[in-house]
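Visitor: What follows is the residue order along each chain.
2 protein chains.
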Amino acid sequence: MTAELPLDQVRTLLAVVDEGTFDAAAAALHVTPSAVSQRVKALEQRTGRVLLLRTKPVRPTESGEVVVRLARQLARLERDARADLGMSGEGEPTRVSIAVNSDSLSTWFLPALARVPAELRLCFELRREDQDHTAALLREGLVMAAVTSSSVPVAGCSVHPLGTMRYVAAARRDFAGRYLRGPVEQALPDAPVVVFDRRDDLQDGFVRRLLGGAGGAGPLRHYVPTSEGFVDAVAAGLGWGMVPEVQAEPLLRSGRLVHLAPDRAVDVPLYWQQWKLDSPALAAVAEAVTRTAEQTLRPR
Amino acid sequence: MTAELPLDQVRTLLAVVDEGTFDAAAAALHVTPSAVSQRVKALEQRTGRVLLLRTKPVRPTESGEVVVRLARQLARLERDARADLGMSGEGEPTRVSIAVNSDSLSTWFLPALARVPAELRLCFELRREDQDHTAALLREGLVMAAVTSSSVPVAGCSVHPLGTMRYVAAARRDFAGRYLRGPVEQALPDAPVVVFDRRDDLQDGFVRRLLGGAGGAGPLRHYVPTSEGFVDAVAAGLGWGMVPEVQAEPLLRSGRLVHLAPDRAVDVPLYWQQWKLDSPALAAVAEAVTRTAEQTLRPR
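Residue numbers (UniProt numbering), protein chains in the order written: chain A, 1 to 300; chain B, 1 to 300.
Keep in mind that the hints were calculated from the coordinates and are not lab data. Don't take every hint at face value.
Said to hold, decoys possible - Here are the computed lysine to aspartate or glutamate pairs in the EDC-like style, where the Cα-Cα straight-line distance is at most 16 angstroms:
#1 K56/B <-> D23/B
#2 K56/A <-> E62/B
#3 K56/B <-> E62/A
To be verified - To be clear about the criterion: a stretch of chain B counts as covered by chain A if any three or more of its residues have a C-beta under 8 angstroms from a C-beta of chain A, and this derived list gives those stretches:
#4 100-110
#5 203-216
What the hints assert, rightly or not - The following residues of chain B were derived to be distant from chain A, with all beta-carbon distances above 12 angstroms:
#6 L5
#7 D23
#8 A28
#9 Q45
#10 S63
#11 T94
#12 R139
#13 S158
#14 D197
#15 P225
#16 H259
#17 R264
#18 D267
#19 E287
#20 R298
These numbers come from a predicted model, not from an experiment. Glycine is no exception: its CB is placed at the ideal position from the N, C-alpha and C atoms.
Produce the entire structure from the sequences given, and follow the hints as far as they go.
Guide: Structure follows, in C-alpha cells:
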C-alpha cells in the first residue's frame, strides 16, 4: 500500500487531521493552504475515496482513518529507527500513547508504568476513555495501545488477555441501614444508586441478575464519571454501587462500607490491545503492563 | 421570546439535538421524520437563522444553542412546578446536572453534595469537564451549573466566587534526589514532568515564573488525565508536578513526596456558575456547594 501512496500526501493528510483545518496544517508544514488542499485531493483521487469530512475541525472518514493510522505508524517506525541509530537527541524522548479504562487508571496501571526502565526515556500520553471511543482511537492511530474490556481486536491490532477486575456491590453502613433493610433482591431496585455514566450497565446488570433477568437499579441515580469520585460518592452515602474490589477492600475492612451480596461479585475481563508493530518502546510497555496485571488482577 | 417561538417546535429541536438524528427524534416523539424536519425548518424560518448543522450526529449552531438552552430551562421550570404542585411521583426524582473540574471532583465536591438534604430526592448528573467545554455545556443548557476557574459569566448564568485551590510543586523523594539536586530553577526545566493533559499549563507556568518569564517544563512529559492518576504518577516517581495541596498534604507529611519550592504556591480561584433560574433544587445545591467550599477552599 505504501508504495502506491506518496508519503508527502500521507503526511499532509495527517497534519490536516491533527491541526483541524487546512490553514493550520499549511502553517505547520510551511506550505500554502492551496498546496495542502491539492495534496489531499490528489490522495483522494489516487485512493478513489473521500478521506476527509470538510467539517470544522475536519474529520477523517473511515477510509481516511486507515491512511491516518498508516501515517502515524510510519512516523513511529521512523522514530524507532532513529533511536536505534543513536540519532535521537536528548530533547526528543519517545512518546507512547495509551488509552486506559478509568478503573484501571486509578488502581493498577500507574504502578505498571513505573516499572518501565527509565533509561528508555519514554513519555506516556494516557487517555482515559470508554470502550467505544477506545476502538476509534486505536483505529485512527491516535493511541498505540489500550487497556480495554473488549477482546475483539481492532483492525491492525493484537490482543492479549490481562486478567479480570472484580466488582462488589457495596454501600455505606448507615445507607444500608436506611434503604436496604429487607432481602437485598427486594430493596436494591428502589434504593438510590451511584452510576459511572450513561453507558455504565454494571449496577443495572447486577440487579437484573439478582432478579433473574428483568428490571434494573432504581430511578434515583447519581452519575459520577470518575473512578475515585464514584467510590467517594458511595462512601459519602449518596447511593449503593458496584465498586472495584481493590478500592472497596480498605473501606469494607474499616467498616465504612458494607458488602451487600458477599457471594455475588461481577468479574470484568481486561485485555491489552496494541498495534501490530515491532517497536521496542511498545514492547517494553507491554511487558511491564502484562507483568503487573498478572500480579494485581485476578486470573481469568 | 417564548411567545414568538411555538413550544412544539422548540421541543422538537431539543429532541433532535438530544437524539442526534431526525429519525431518532421522530421515534422518541412518536411522529414521522418528515414532521420533525418540517418543525425544525419552520423554527429556522421564524428565527431567520440556521439552528442545526446537519452533521451526524446533528449539532446546534450558536443560534441553535440559545433555543436548546431555552428548551431545557422550560423543561426544568415545568418539572419544578409539578414538584411544587405535588405532581412529581415517587418514580420521578429531580435531576440536577453539574459540570465540575477534575480536581474539585476528587477533593471537596462530593462531600458538598452529600450535604444536600436527602428529602429533596435530587439526582446528580456530574460531568467532569475542562474549562472550554464547560462554557459550551452551560451555554447549550446541558448542565445547569458548573464549578469553573473562569469568572466570566456564560450568557444566562450568574457567577459566585467559591475560594481558591492551592497547588504545590512536589516530587517523590528519590526522584528529587536523582533529578533535582541543584537549585530548583536550574534543575526543573530538564526533569521529567507529569502534566494533566495538553491544555494543562500549571507546570509550564510555574517554571516560567521561576525563571522570570521564559521557558517551561522539560520535554520528557507524561500526560495523565485523571486527578488521582496524576497524584499517583508523581508518587510513583514518573515526574514532578503541581499537586493540589489537599492531596499533597498527607504524602508530604509521610515523607513520600517532597515540596520543591515551599515558598511558591499557585492559587487557582474557583467559581460557581449557574443558570439564572428560580429553581429550589438548584438553590439547595448552590447552598451546599458554597458552604462546603467556604470551609475547605482557601479564602480568595
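Visitor: Are all beta-carbon distances from R139/B to chain A longer than 12 angstroms?
Guide: Since the minimum Cβ distance to chain A is about 17 angstroms, R139/B lies beyond 12 angstroms and the statement holds.
Visitor: With a cut-off of 16 angstroms on the C-alpha distance, tell me whether K56/B and D23/B pass.
Guide: holds (12 angstroms)
Visitor: Say whether it holds or is violated: R264/B keeps its Cβ farther than 12 angstroms from all Cβ of chain A.
Guide: The claim stands: R264/B keeps its Cβ more than 12 angstroms from every Cβ of chain A (closest is about 26 angstroms).
Visitor: Count the residues of the region 203-216 of chain B whose Cβ falls closer than 8 angstroms to any Cβ of chain A, and tell me whether that reaches three.
Guide: violated (count 0)
Visitor: When you look at the beta carbon of E287/B, is every beta carbon of chain A farther off than 12 angstroms?
Guide: E287/B is indeed farther than 12 angstroms from all Cβ atoms of chain A, at 17 angstroms.
Visitor: Evaluate the condition: distance from the CB of T94/B to the nearest CB of chain A exceeds 12 angstroms.
Guide: Check fails; 10 angstroms does not lie beyond 12 angstroms.
Visitor: Would D23/B pass as off the interface with chain A, using Cβ distances and a cut of 12 angstroms?
Guide: With a cut-off of 12 angstroms, D23/B remains clear of chain A, as the shortest Cβ separation is near 20 angstroms.
Visitor: Could you let me know if the closest chain A CB is still more than 12 angstroms away from the CB of S63/B?
Guide: Check passes; 16 angstroms lies beyond 12 angstroms.
Visitor: Can we trust that D267/B is non-interface, i.e. its beta-carbon lies farther than 12 angstroms from all of chain A?
Guide: holds (23 angstroms)
Visitor: Is the Cβ of Q45/B farther than 12 angstroms from every Cβ of chain A?
Guide: holds (25 angstroms)
Visitor: Since A28/B was said not to touch the interface, does its Cβ keep a gap of more than 12 angstroms from each Cβ of chain A?
Guide: holds (15 angstroms)
Visitor: Taking beta carbons only, do three or more residues of the region 100-110 of chain B come closer than 8 angstroms to chain A?
Guide: holds (count 5)
In terms of the numbered hints stated before, the structure departs from hints 5, 11, 14, 15, listed from lowest to highest.
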